[in-house]
Amino acid sequence: MPRETEISVNERAFIQQALQENLRLDGRAFDAFRPLELTFGDEYGVADVQLGKTRVIARISVDVAVPPPERKFDGIFQIIAEFSPMASPAFEVGRPSDAEMVLSRILEKAIRRSNALDTESLCIIAGLKCFALRADVHIIDHDGGLVDASCIAVMAALQHFRRPDVVVEGEKATILSVREREPIPLSILHQPLCVSFSYFEDGEIFLIDANLSEEQVRNAEIIVTMNKHGEVCQIAKYGGATVDPLALLNCTNVALQKVKEMSKIIQGKLEADAKKRDAGGLMAELSAENER
Amino acid sequence: MPITILSPSAAIPPQHAPPDDEDIPMADDDDSAFLSTAQPSSKNIVTPGETITSDPQWMRGHGTYIPPNTSTIISTVAGTLHKTNKLLSVQPLRARYQPEIGDLVIGRIVSVQTKKWSVDIAAPTLASLPLSSINLPGGILRRRTAVDELNIRTFFSEGDLLVAEVQQLHNDGNAALHTRSLKYGKLRNGVFTALAGAGGGIMSRRGGVVRSKRQTFTLQTAAGEIGVVLGVNGYIFVSKHVAPAEARDVSITRLEEGVSETLYSSQNDEVEPGLRREIARVSTLVRGLVACGAKVDEDMIVRVYEAAVEMEEEERVMGEKVFGVGEGAKGVVRSVLDRLAVG
Amino acid sequence: MPLDTSTYSLALLRLDGRRWNELRRLHAQISVQAAASGSSYLEMGNTKILCTVSGPSEARRGAGGGGAGSSEGNLEVDVSFAGFSGVERRKRRQDKRTTDLSHTLTSSLTPLLHLHLYPHSTITLTLSILSQDGSLLAACINSATLALIDAGVPMTDYLTAVTCASSPSTSDEEAGDPLLDVNSAEEQELPFLTLGTVGREGRVGVCVMESRVRGEGVEGMVAVGIEGCARVREIVDGVVRGYGKRFA
Numbered sequence: 001m002p003r004e005t006e007i008s009v010n011e012r013a014f015i016q017q018a019l020q021e022n023l024r025l026d027g028r029a030f031d032a033f034r035p036l037e038l039t040f041g042d043e044y045g046v047a048d049v050q051l052g053k054t055r056v057i058a059r060i061s062v063d064v065a066v067p068p069p070e071r072k073f074d075g076i077f078q079i080i081a082e083f084s085p086m087a088s089p090a091f092e093v094g095r096p097s098d099a100e101m102v103l104s105r106i107l108e109k110a111i112r113r114s115n116a117l118d119t120e121s122l123c124i125i126a127g128l129k130c131f132a133l134r135a136d137v138h139i140i141d142h143d144g145g146l147v148d149a150s151c152i153a154v155m156a157a158l159q160h161f162r163r164p165d166v167v168v169e170g171e172k173a174t175i176l177s178v179r180e181r182e183p184i185p186l187s188i189l190h191q192p193l194c195v196s197f198s199y200f201e202d203g204e205i206f207l208i209d210a211n212l213s214e215e216q217v218r219n220a221e222i223i224v225t226m227n228k229h230g231e232v233c234q235i236a237k238y239g240g241a242t243v244d245p246l247a248l249l250n251c252t253n254v255a256l257q258k259v260k261e262m263s264k265i266i267q268g269k270l271e272a273d274a275k276k277r278d279a280g281g282l283m284a285e286l287s288a289e290n291e292r
Numbered sequence: 001m002p003i004t005i006l007s008p009s010a011a012i013p014p015q016h017a018p019p020d021d022e023d024i025p026m027a028d029d030d031d032s033a034f035l036s037t038a039q040p041s042s043k044n045i046v047t048p049g050e051t052i053t054s055d056p057q058w059m060r061g062h063g064t065y066i067p068p069n070t071s072t073i074i075s076t077v078a079g080t081l082h083k084t085n086k087l088l089s090v091q092p093l094r095a096r097y098q099p100e101i102g103d104l105v106i107g108r109i110v111s112v113q114t115k116k117w118s119v120d121i122a123a124p125t126l127a128s129l130p131l132s133s134i135n136l137p138g139g140i141l142r143r144r145t146a147v148d149e150l151n152i153r154t155f156f157s158e159g160d161l162l163v164a165e166v167q168q169l170h171n172d173g174n175a176a177l178h179t180r181s182l183k184y185g186k187l188r189n190g191v192f193t194a195l196a197g198a199g200g201g202i203m204s205r206r207g208g209v210v211r212s213k214r215q216t217f218t219l220q221t222a223a224g225e226i227g228v229v230l231g232v233n234g235y236i237f238v239s240k241h242v243a244p245a246e247a248r249d250v251s252i253t254r255l256e257e258g259v260s261e262t263l264y265s266s267q268n269d270e271v272e273p274g275l276r277r278e279i280a281r282v283s284t285l286v287r288g289l290v291a292c293g294a295k296v297d298e299d300m301i302v303r304v305y306e307a308a309v310e311m312e313e314e315e316r317v318m319g320e321k322v323f324g325v326g327e328g329a330k331g332v333v334r335s336v337l338d339r340l341a342v343g
Numbered sequence: 001m002p003l004d005t006s007t008y009s010l011a012l013l014r015l016d017g018r019r020w021n022e023l024r025r026l027h028a029q030i031s032v033q034a035a036a037s038g039s040s041y042l043e044m045g046n047t048k049i050l051c052t053v054s055g056p057s058e059a060r061r062g063a064g065g066g067g068a069g070s071s072e073g074n075l076e077v078d079v080s081f082a083g084f085s086g087v088e089r090r091k092r093r094q095d096k097r098t099t100d101l102s103h104t105l106t107s108s109l110t111p112l113l114h115l116h117l118y119p120h121s122t123i124t125l126t127l128s129i130l131s132q133d134g135s136l137l138a139a140c141i142n143s144a145t146l147a148l149i150d151a152g153v154p155m156t157d158y159l160t161a162v163t164c165a166s167s168p169s170t171s172d173e174e175a176g177d178p179l180l181d182v183n184s185a186e187e188q189e190l191p192f193l194t195l196g197t198v199g200r201e202g203r204v205g206v207c208v209m210e211s212r213v214r215g216e217g218v219e220g221m222v223a224v225g226i227e228g229c230a231r232v233r234e235i236v237d238g239v240v241r242g243y244g245k246r247f248a
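Chains as they are written, first to last, in full-length UniProt numbering: chain X, 1 to 292; chain S, 1 to 343; chain A, 1 to 248.
Looking at chain X on its own, in the form it has when it is part of the complex (with noise of 0.2 Å):
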């Protein structure tokens, strides 16, 4: 199995004494993110995630389903993220590594499970027929921060994504196409997203974004999932080493400040986005200005 190549004594031990001297190798302060670029394809739906050299693809695609008969009034929402080797010389098809489950367990109790998207929405007769979402998370480059990066691209996308409109009559339904009806945004409840705290020296120094070397030194993460309101969706401490309590409650205090701050970055993002479509769209031809 080939694995990530192990980083050597030497970079190790310099990167713990550069951080004992507060400096990252990177030259940003311990709570800053690497410059983050989103932007969205031609398509709906489709958020592409630069955070440093890690990039991320994330891409809705919707289909009709039958939905489980457990839960009758629910649409189908699933978060597919598998490594590809395109990414990372380690990583492999076919065989998940516990980074790979880690990443897919993340996303599937932040936002999922944190009902994120209403998933009531994606209903279009119950029992019988809904609309089926899925979230195809497309690793690009790994260079550490998969998590975050991912739950920023996921929550991009879903919120870029509009659904075709649906027409119910009795137990009939018809999809109208892009060119018959304008196409509706899904109902995003909240806005989750992930913040992954590294630790160095037995809990005394916390790392935000840590990237790929720094992610080979850490004694452990810690990732906290919260939206802008204040509400944590999910904290995940596998274990490694051990923590203080109190750093770890502060780890929610500091992870608040950074996903208000980039709930406003993809926000400005998307409004621009909307604009942009908007130019020679629907709005202009609304309008009954000339030009003159």
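Calculated from the structure, these hints are not laboratory results.
For every residue, glycine included, the Cβ atom is placed at its ideal position computed from N, Cα and C.
Warning: the hint list may mix true and false statements.
With beta-carbon atoms standing in for the labels, derived distance ranges [as the list claims (entries may be wrong)]:
hint	chain 1	residue 1	chain 2	residue 2	range
1	X	101	A	200	31 to 37 Å
2	S	158	X	101	35 to 41 Å
3	S	114	X	101	36 to 42 Å
4	S	111	X	202	39 to 45 Å
5	X	113	S	86	55 to 61 Å
6	A	11	X	229	27 to 33 Å
7	X	13	A	19	50 to 56 Å
With chain X fixed as given, assemble chains S and A onto it according to the hints.
Leaving out everything else, chains S and A in the frame of chain X:
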């Protein structure tokens, strides 16, 4: 705003009776830094995470560790504290066998390689038995040849049981065995018993094989002689005793030749039903001894065996169950031990 | 079917009659299985777990994680649910929850064990969940700790865990009371957090929360969790000492 942790206002009501043993007090910073009594007493059980001493004059031994940047010795296993001069060690209550040089062990061949065998001796890693450390047929002083290498499976093959001695320990804990004595070699004509967690010659622990002067001995029974091999690793072999070929010419080289014919045979001899019964009885009693937490050594086995035979005889004469023998090996041994204590 | 938890705020008693800071009955035994290197049986209320340890023994060839050839031993965790353990009989053997449990156990116990003493070896931990009634991860952690102690594997300290929930708040300003050691009825209804601490100082080894809760609720749950873990540690320590006395 910094977060403070407020402790809950009311204490958690106890649902359990507090542990009634005299708990070792917590470490204080005063001069009585040493918690336990001065004598190594088996009464004191230490558990993982318990501070043994913060006095820097002590050295740490097995079962303890010193957190970085401190001089506090902390226990890592649950067991009893032992002091050897200035060395503090904790003997776990139960642990896997850790090989030591000179231990007599019973092993099972797991795999055969070109020049050595891998042997399971219940240790954390498999032990190795090099071809060069066994008695080759045809004299003790013969060099091993390429032919021996090709015929390696004729000596021991997978699944064979053998008794051997730990000759050497590598620094990663792997043991190298040897069978260069007539006492050692392949085992047959008997029954194997593994006592899990009871190996290791644990000093403090009762109920296990202890390192003693004699690990192999013969037991006189009505049906014949039984050979018992007590491996320090908790593996035990009880078999029909085959007398060494003493009747023959007693020259060293001849003896070797005589033995070598049967040394690596995997064929069992004829074992009479009566003897089989006694073999089964002995191995059951050994298991019962461990279950009762008693020490397993020659003296104990002989006493318990004789008492058990006597008991059976009495029961037969009386024609009914006189003794309240419990279920299984443990019950038998318990009643035998009671009887010994009374008698 | 949703349960009515609104009565809590009136009587301050939970569904099973406990107060907010009460643990359920915690019963544990060690050395329950003669064949294993170490074993434990733990009950936290109606959650019942049997845990066995085998090893350290020679690493299997080609086993994942590169156990063979590494200078440290490795820990393998295998969690299985008995078909009759829950309300519904489960069909699939392996699912995400099982892998999640075993991953959490592996990564939380590995740094505590002194695995450098066992190069090229594997310690296999097998947990059988016989009955589930909430606090599953916490019970798994506690029973695994006990079984490893029984196996005589050197470890830094006890890792003990409890699950706490946050009761529904009465007002918008304040978070509700934290509840210690939840059962499955409470787990279905309330947000809960599993906390595992190492040693007496209460340093956090594991902290897993899967449900949405207000930020203030987390504080309360962590505070109660730390107290609860310390209490569990006392009980578990008592079990080990009680067992040790038999050999004294």
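Point to revise | Numbers of the earlier hints that this structure fails to satisfy, in rising order | key: none
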